[in-house]
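K.L.:
One-letter residues, chain by chain:
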Amino acid sequence: MGRTEFGILGGIVVALAIAGAAAAWTVARGATGNPQVTIDIRYSHFEPSELSVPVGVPVTVVLSNRDMIDHEWILGDDAVHERHRTGTEPVHGARPTEVTIPAGETRRTTIVLDEAGTFRYICHLPGHEAYGMVGVLVARP
Amino acid sequence: MSKRSRTLGAAGFAALLLLALAAAPVLACGGLIGPNGAVNLLRTTTLAGYHDGEEHYITAFQFAGGGGAFGSLTPLPGVPSKVEKGGDWTLQRLVRETEPVPEAAVFLEAARAAGDAEVLMEVRIDALDVTVLRGGADEVGRWAKQNGFRLPPDAPEVLEFYAERSPIFLAAVFDADAAAERGQAVGDGTPVHVTIPTDNPWVPLRILALGKTGQERVDADVYLLNDQKPALLPAPTGDNGLTLLNDEPASDSLLADLRSDRGMEWVPTSAWLTKVRIDASADQLGFDLAIDASGAGAPSYVDAGLALPTPGMTPMEALRVIFGLGLIGIAVGGALLLVWWRPQPVAS
Chain S
1 MGRTEFGILG GIVVALAIAG AAAAWTVARG ATGNPQVTID IRYSHFEPSE LSVPVGVPVT
61 VVLSNRDMID HEWILGDDAV HERHRTGTEP VHGARPTEVT IPAGETRRTT IVLDEAGTFR
121 YICHLPGHEA YGMVGVLVAR P
Chain V
1 MSKRSRTLGA AGFAALLLLA LAAAPVLACG GLIGPNGAVN LLRTTTLAGY HDGEEHYITA
61 FQFAGGGGAF GSLTPLPGVP SKVEKGGDWT LQRLVRETEP VPEAAVFLEA ARAAGDAEVL
121 MEVRIDALDV TVLRGGADEV GRWAKQNGFR LPPDAPEVLE FYAERSPIFL AAVFDADAAA
181 ERGQAVGDGT PVHVTIPTDN PWVPLRILAL GKTGQERVDA DVYLLNDQKP ALLPAPTGDN
241 GLTLLNDEPA SDSLLADLRS DRGMEWVPTS AWLTKVRIDA SADQLGFDLA IDASGAGAPS
301 YVDAGLALPT PGMTPMEALR VIFGLGLIGI AVGGALLLVW WRPQPVAS
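Chains as they are written, first to last, in our numbering: chain S, 1 to 141; chain V, 1 to 348.
Just so you know, the hints here were simulated from the structure itself, not pulled from any lab data. All values derive from a computational prediction rather than experimental measurement. Among these hints, one or two may not hold up.
Stated by the list, open to error - Result set (EDC-like, lysine to aspartate or glutamate): computed pairs, CA atoms no more than 20 Å apart in a straight line:
{"id": "1", "chain 1": "V", "residue 1": "Lys145", "chain 2": "S", "residue 2": "Asp77"}
{"id": "2", "chain 1": "V", "residue 1": "Lys145", "chain 2": "S", "residue 2": "Glu105"}
{"id": "3", "chain 1": "V", "residue 1": "Lys145", "chain 2": "S", "residue 2": "Glu50"}
{"id": "4", "chain 1": "V", "residue 1": "Lys85", "chain 2": "V", "residue 2": "Glu122"}
{"id": "5", "chain 1": "V", "residue 1": "Lys229", "chain 2": "V", "residue 2": "Glu181"}
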């Protein structure tokens with residue numbers, strides 16, 4: 001192999017390394033550059049069930065439903081959850097803090113929490129909250 | 001697969017998740033949870049008989065009134081050879097044999113048809129649509145969704161628990177509207193008889209708790225009819241939610257009565273009758289009932305759901321093993337050739 005071939009090969013390796021680093025950066029920061037957190041749903045439980053995010057910063061939440069049944073991710077205070085316990089809205093998606101995740105699919109949403117505090121995220125499909133589909137999100141200053 | 005020469009005693013299962021199919025699309029169905037939470041699974045009664053290499057599972061789906069449909073999924077130990085209308089009074093006769101006060105055999109089920117799971121068999125029995133499915137937990141779950149059912153939150157884990165051992169499920173939809181048109185009264189049951197060739201019967205119990213949480217109770221009676229006294233795992237101790245209420249040779253009159261019911265010609269002339277009452281909290285029922293009626297007294301931990309099955313080899317893995325063994329054989333053969341057939345030194 002001559003010097004020219006070595007040069008081409010080296011260039012390809014460097015390019016791939018740069019692309020890999022860029023991809024890693026994108027995953028860590030989210031496609032939009034926002035901080036990103038990923039929540040896996042398996043056996044009707046959130047993993048992790050505790051999260052902490054900064055106040056006032058857009059945060060991308062990736063919700064990956066690995067179950068063969070649908071789930072919801074509803075984030076809010078007690079009043080929000082009380083409303084959803086008796087709600088009749090079949091599918092969520094219009095509000096960033098209320099997302100329906102069909103079986104086996106992934107949904108992304110970007111939220112901004114304006115004030116510090118502790119919120120819960122719950123699946124309000126019948127029986128799911130009682131089964132333990134509850135998580136806590138802390139908005140820290 | 002050849003049948004074991006030994007007779008493995010009865011197996012069976014009572015089970016079921018009751019789904020309520022409502023008109024409203026949002027709450028089109030549900031596991032044991034109806035759209036308004038009004039669906040109740042009462043005590044279920046099931047006969048699981050095992051004779052001559054075939055399991056006979058007999059249960060009834062009861063018309064509870066109202067409209068729409070109710071559904072259930074039942075895991076099976078194998079692919080049924082036959083699904084047919086069961087005898088009219090087999091379950092009632094068993095109850096009368098073991099309980100002084102007759103109690104109606106009750107229980108509901110349901111489901112519908114078509115999805116990613118493979119549909120092996122579809123049978124219409126009165127107002128009941130029965131479908132036998134082959135597929136993993138995800139496939140069966142998708143099938144349920146595509147057919148308008150909503151499974152309860154524990155379904156992913158529970159169905160996977162079963163699919164790891166046997167990917168065969170029986171889905172039944174009780175069409176309450178059709179039942180009403182047929183003139184069926186509330187409380188009328190539709191008996192179903194499933195014949196399953198298998199040498200490895202077991203009774204799924206965990207699925208009885210599907211849709212229930214914590215301390216919610218599960219009540220069911222499971223009758224077993226074996227050629228000889230079976231060994232059970234877990235052993236019914238009462239503390240574990242299983243109580244042995246009957247464990248003796250079946251009477252000649254019972255066997256004769258059972259044999260004279262529709263589809264019950266398989267009942268042998270002598271058998272051992274076992275009755276296990278399930279009165280457990282949902283938390284307790286993390287297992288199934290494994291049975292060994294061979295006399296060896298060694299029911300399977302895997303069948304009881306207390307151990308995972310040994311994973312089988314995939315075709316690619318098998319190919320690799322064969323290829324590897326072939327290479328080793330060639331290497332060993334070559335080495336032997338070198339050692340034994342060393343060329344004779346040429347005389348100078």
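K.L.:
Is Lys145(V) within 20 Å of Glu105(S), Cα to Cα?
P.N.:
14 Å, holds
K.L.:
Compare the distance between the alpha carbons of Lys145(V) and Glu50(S) with 20 Å, and conclude whether the hinted pair is satisfied.
P.N.:
Since the Cα atoms of Lys145(V) and Glu50(S) sit roughly 30 Å apart, the hinted pair is violated (cutoff 20 Å).
K.L.:
For the pair we were handed, Lys85(V) and Glu122(V), check the Cα-Cα distance against 20 Å.
P.N.:
It holds: about 13 Å lies between the C-alpha atoms, which stays within 20 Å.
K.L.:
Under the criterion that the straight-line Cα-Cα distance not exceed 20 Å, is the pair Lys229(V), Glu181(V) satisfied?
P.N.:
Roughly 44 Å between the alpha carbons, so the hint for Lys229(V) and Glu181(V) is violated.
K.L.:
Would you mind confirming whether the straight-line C-alpha gap from Lys145(V) to Asp77(S) stays at or under 20 Å?
P.N.:
31 Å, violated
Of the numbered hints stated above, those contradicted by the structure are hints 1, 3 and 5, listed in ascending order.
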